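K.L.:
When you get a sec, could you build the whole thing from the sequences and use the hints?
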Amino acid sequence: MQMFFQAAISGILMGGVYALIGIGLTLIFGVMQVINFAHGDLVMVGMYAAWLLFSHFHVDPFVSILLTGPLLFLLGALLQRAFIQRVIGEAQENQILLTIGLGLLLSNTAMLAFTSDYQLLTTSYSSKAFTVAGVSMSVPLFFAFIVTMLVALALYLFLMKTDTGAAIRATAQDREAAQLMGINVTRMSVLAFGLGSSLAGIAGALIAPTYYIFPQVGHAFTLKSFVIVVLGGMGSVVGASIGGVLIGMVESLAALYLASGLKEAVVFALFLLLLLFRPSGLLGRART
Amino acid sequence: MTALLELKQVSKTFGGLRANWNVSFSVEPRSITGLIGPNGAGKTTLFSCITGYYPPSSGEVVFQGQRINGRRPDEVCRLGMVRTWQKVRPMAKLTVLDNVMVGALLRTWSLKRARALAEEQLHAVGLHKQASMLAGALPIGQRKRLEVARALATQPALLLLDEVMGGLNPAESNEMIALILTLRTRGITLVVIEHDVRAIMAVSDRVLVLNSGELLADGAPREVAENPAVVEAYLGKRVES
Amino acid sequence: MSSDARGLARASKLSLSAGQRVGVIVGLLCVVFAFLPFIVTKPYLLHMGVLLFLAVIQGQAWNILGGYAGQHSLGHAAYFGLGAYTTVMLMEQNQISPFVGIWLGVLVAAVVSLLIGAITFRLRGPYFVLASISVAEIIRLLALHFKDVTRGAEGFLISSVPALHLGPIEIDFLGKRPFYFAAFTVALITTALSYAVQQSKIGYYLQAVREDQDAAHSIGINLQAYKCLALVISAGFTAWAGGFYALFVKFIDPDTVFGLDVSVQILLTCIVGGIGTLLGPALGALVLVPLSEILRNPKGLVQLGLVASDSSIVRVIEERFSNAHSFVYGLLLVVIILFAPEGLFGVLKRLLGPARVRQS
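Taken in order, these protein sequences are the chains called A, B and C.
Position 188 (the first sequence) corresponds to 188 in my numbering; numbering is contiguous.
Position 239 (the second sequence) corresponds to 239 in my numbering; numbering is contiguous.
Position 255 (the third sequence) corresponds to 255 in my numbering; numbering is contiguous.
Since the hints were made in silico from the structure, they are not lab data.
Values in this document were obtained by computation on a predicted structure and should not be read as measured data.
A hint or two may mislead.
[Claimed, not checked] With a Cα cut of at most 30 angstroms, we get these calculated DSSO-like pairs of lysine-lysine: (1) B:K129 to C:K201; (2) C:K201 to B:K93; (3) C:K349 to B:K129; (4) C:K349 to B:K112; (5) B:K87 to C:K201.
P.N.:
Following this line, the structure appears as structure tokens:
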């Protein structure tokens with residue numbers, strides 16, 4: 001029983017970060033209906049950014065999100081404006097292929113720049129843990145969880161309480177109608193992609209102290225973030241939050257009760273079941 | 001004469017929404033039946049139910065004496081009932097001829113025969129000059145005709161036309177009406193959803209009126225036009241006949 | 001010649017369409033390929049040739065499902081790997097001749113594909129793509145996990161392929177040549193098959209499914225049946241290529257044959273060459289295979305005798321661009337989607353097409 005709680009808690013903590021990645025993706029999909037296959041690679045960029053800031057300037061990864069966030073925002077906005085904007089409205093297949101291509105460019109630029117060696121970002125607290133009620137929690141993951149919840153809350157407030165946030169939500173709900181109401185939907189798309197990328201980058205920075213950093217690390221996140229987005233409902237920020245935590249838990253429990261090597265397979269199997277039986281997810285609206 | 005198509009208390013609900021409720025009517029062979037009603041009345045839903053896109057929630061759909069509830073759309077088509085789409089669906093990257101050939105290939109494996117059949121239908125709807133154009137390049141009027149040609153190529157006994165005159169100018173509408181009438185002489189039975197009430201009245205033997213999913217009226221065009229409930233359903237507009 | 005006569009000459013049946021001209025070029029290349037092993041003896045060239053033909057086979061196979069039927073599977077590695085592992089495992093553990101085993105691999109993949117199709121074909125567009133990736137990943141993870149059966153990450157090493165006895169003839173598979181000719185033949189066969197499909201009712205129906213599934217359904221096409229047909233054919237040939245690859249390269253592991261890379265490469269071959277076209281996979285393979293081989297293995301340029309062994313080109317590629325093939329894949333994908341979505345075939349048609357007066 002103890003092991004169950006241990007695994008569940010670790011899973012929830014990790015799930016917080018997954019949630020952040022998923023929220024970014026659902027924002028992108030909600031506003032632009034673009035399936036961003038480069039999303040995991042944006043997380044990777046965030047990880048490398050944090051690592052560079054740490055190893056060259058001794059900036060703590062948690063502090064670095066003040067830099068990684070805006071940096072990834074700019075990167076995302078650039079990608080959207082330069083590339084993705086050109087295929088909006090075209091066949092979704094083309095959009096998918098384009099983002100796959102962009103993802104390959106991102107991960108391979110990293111490989112060319114940093115080689116495929118595994119990098120480690122070891123802070124003083126990287127391997128520290130504290131125990132609460134017999135359950136051990138990794139310090140970096142715990143704080144990462146806190147930060148992700150704060151960031152998610154901030155985003156939620158932004159979307160709900162600000163004019164720009166309302167404009168984004170309007171564009172997500174009905175692009176044409178939003179345009180007719182005078183909303184610059186292209187700008188909203190750039191914003192959404194920038195925000196989504198920013199969240200991915202922040203997530204990357206947050207897990208950098210606990211993960212191996214290498215160019216292909218993003219791929220695992222891409223597919224998982226799709227599971228989260230579908231689970232929570234495409235376009236639902238709250239759904240992605242819950243979905244992320246759930247997936248984190250499922251993965252962790254699968255590693256405990258089945259085998260570490262199969263934990264991802266369980267998540268993917270869950271994905272297939274979801275796609276078949278409840279594609280609109282827990283909280284999403286079915287899009288026709 | 002046994003009816004070609006019979007609906008017995010067909011209902012279709014989506015969650016709490018009653019799209020069709022207790023709809024019953026029958027369609028005689030070689031007749032033209034008009035189906036009218038305000039927007040959202042459930043006309044297209046009815047077509048989708050009849051042709052197998054989703055099974056009716058209750059009731060029976062009987063075609064040529066066979067109960068066809070729950071059959072797939074392609075099975076229904078093979079049995080001899082085919083529908084066109086309110087929002088036209090040209091297969092854009094195929095040529096006009098290829099589009100119609102896809103329909104014709106239902107009844108044959110030979111490309112040669114399918115091509116001959118397709119060319120026949122293109123002549124019938126007046127699109128033979130556009131045969132090698134990509135369907136995606138056609139203007140709306142010709143797209144509508146392509147849709148009809150493609151459906152005809154499946155050699156149906158019953159053709160369900162969904163707002164085939166939507167977006168057409170008066171000249172094109174007249175051509176379409178003329179086409180519909182020639183189809184009847186070919187032995188094809190028709191059920192036609194239309195907003196253009198004048199056209200419906202000119203063409204139909206019988207008119208069904210749907211409102212909020214329920215059948216409001218069922219009779220000769222003139223009767224229906226003078227039916228007070230029908231007039232009211234159209235927001236007080238007098239229905240010209 | 002007066003302009004009238006010139007116009008007549010263009011309109012005459014002897015002039016070829018742009019697409020046919022590309023076909024002639026590819027046809028000539030095929031003749032070259034057929035005689036290449038007799039002209040050239042460098043084994044590395046033949047090695048590249050085999051990889052090229054395998055890429056054509058995989059591309060043609062994928063094109064039937066992805067190009068004609070429009071179902072963009074990114075999970076074809078599943079079938080490639082199933083073919084590879086079935087062939088190798090049956091050979092090493094059950095002593096079944098690989099010439100039989102490779103066909104059993106095709107059978108396994110075909111059956112599995114029907115299962116996968118039953119599950120995934122209900123999904124449309126991007127959901128189908130995601131599902132196809134998930135399936136392939138699940139299979140890869142299972143192959144990695146069940147070490148007792150598959151030897152896991154260690155992989156499978158085979159020693160040599162036995163000789164093939166066809167009646168009185170004995171073909172031994174010791175050098176590159178037999179592999180070359182076998183792969184070449186099957187590449188031609190799959191291309192011919194693709195042509196046959198294209199020019200048949202099946203081809204028309206698959207393309208109708210691609211263009212508009214609901215419309216196709218309404219005019220009598222059994223969506224599930226035709227999609228599954230395309231998938232089974234596609235999976236079968238992909239599995240054959242997998243089995244052949246295993247016998248040729250003689251080492252496989254889950255990441256090499258079940259990895260997402262494999263699926264992306266197949267997709268890329270078709271996209272770069274021209275998706276949905278007959279010659280697309282061939283053109284795509286002609287560009288991608290040499291490119292990726294040289295980037296992966298720049299010493300090959302030396303082996304081909306194209307550069308001296310101390311050439312700076314080799315050094316530069318090794319130091320800076322090792323594994324840059326993946327980067328080039330990304331670049332090509334972006335460029336093609338943005339600027340030439342019809343792929344090389346479309347570009348070549350535009351370049352080679354006769355200037356014609358268009359009749360609207």
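K.L.:
Hint by hint, note whether the structure agrees.
P.N.:
So, going through the hints one by one against the coordinates:
1. Of the supplied pair hints, the one linking K129 (chain B) and K201 (chain C) holds, its CA atoms being roughly 24 angstroms apart against a limit of 30 angstroms.
2. Between the alpha carbons of K201 (chain C) and K93 (chain B) the distance comes to roughly 17 angstroms, so the proposed pair stays at or under 30 angstroms and holds.
3. At most 30 angstroms may separate the alpha-carbon atoms for a hinted pair to count; K349 (chain C) and K129 (chain B) meet this at roughly 25 angstroms.
4. For the hint pairing K349 (chain C) with K112 (chain B), the CA-to-CA distance comes to about 27 angstroms; that is within 30 angstroms, so the pair holds.
5. For the given pair, K87 (chain B) sits about 26 angstroms from K201 (chain C) by alpha-carbon distance, which is consistent with the 30 angstroms threshold.
Consistency note: the structure conflicts with none of the earlier hints.
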